[in-house]
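Under UniProt numbering, think of the first position of the sequence shown as 1, with each following residue one higher.
Calculated from the structure, these hints are not laboratory results. Glycine included, every Cβ here is placed at the ideal spot set by N, Cα and C. Any given hint could turn out to be false.
Simulated restraints, written as ranges between beta carbons of each label pair [stated by the list, open to error]:
#, residue 1, residue 2, range
1, 296, 13, 18 to 26 Å
2, 290, 129, 38 to 46 Å
3, 250, 30, 18 to 26 Å
4, 178, 83, 40 to 48 Å
5, 250, 160, 35 to 43 Å
6, 133, 13, 21 to 29 Å
7, 159, 199, 36 to 44 Å
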Amino acid sequence: MTTMFAALDDFLRFDPGERGVGALHAAANPNTPPVEAAAQTLREVATDGDAVLLTTGFPIPPDWQPETDGPPGTVVLARALQELGAKLVIVAEPRVEAPIDAAAEVCELATLPFESVSPDVTTTATSEALLDRYEPGAVIAIERPGRTADHTYRSMTGTDITAHVAPMDPLFALACDREIPTIAVGDGGNEIGMGGIRSVVEAEIKHGEQIAATTAVDHLVVAGVSNWGAYGIVAALEHLIGQARLHHPSTERELLAACCAAGCVDGRTGVAEPWVDGLSTAMHEYVVGLFRELLGHERTETES
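Generate coordinates for the entire structure from the input sequences, incorporating the hints supplied.
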């Protein structure tokens, strides 16, 4: 079983965008593959019927719409956890709700409960209220901006995006204080979770000293694309429970198209096209297909 988790985790080092993921992945990879640790934790939380809070949404200039990396992975993971018994709640800015709903529809989920948070009014008290209201068994961030050392939020190029981000770092700090497991997925060093490998981000990533996030989590999954990291956790869950959970490659195409139609843009171009991090839809279909083949799914004509 460990061999499969290691294979899944190793696959996440794939870095076609040449963003320096390899160094971050190595730094985040302890003795236990992060996807295994995350999946083990989430299986226990979900089968206990606990709530899980998930946050995503990275604003892209010039219109500050959420990027295509994050919402698809969040919904695919939410579906897998819901099927195991968890109660899911998405926490993000209002602009993220339409893409989440669109992705949920593709995945044949009822509309996921959504807690709207605003850059103007989100405070530590907001996070305390969320934890008090839902008493979650876990808190998860997938491609979510992380606060830097100067208390700003930054894009990969160092652009200040603070005015467009509702701070979610306090949610993770408070969860840690309450001994609630925290999980994060990132691909660049400026996301929640990367605080645990901050020194590596500063040394290895372009603009690293400026953009490095400071918030750490219990289990950090680093991937070439954050959606892939979320899919890696789902694949690990599937391997743990012996039941199919990962979506079909054709569904990946539908997810990206639906998210774009609902307002998402590609993070590299800022254009509403069904690409992620400058990589084509076909690339993401291919990656999902590889995950499925690694798990032993039979190939179909549409995957060949």
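For each hint, the structure was consulted:
The hinted range of 18 to 26 Å is satisfied by residue 296 and residue 13, whose Cβ atoms lie roughly 21 Å apart. About 41 Å separates the C-beta atoms of residue 290 and residue 129, a value consistent with the hinted range of 38 to 46 Å. The beta-carbon spacing between residue 250 and residue 30, approximately 35 Å, falls outside the hinted interval of 18 to 26 Å. Our hint of 40 to 48 Å for residue 178 and residue 83 is violated, since their Cβ atoms are close to 26 Å apart.
Judged by the Cβ atoms, the range 35 to 43 Å given for residue 250 and residue 160 holds: they are separated by roughly 39 Å. Between residue 133 and residue 13 the C-beta distance comes to about 38 Å, which lies outside the given range of 21 to 29 Å. At roughly 23 Å, the beta carbons of residue 159 and residue 199 sit outside the given window of 36 to 44 Å.
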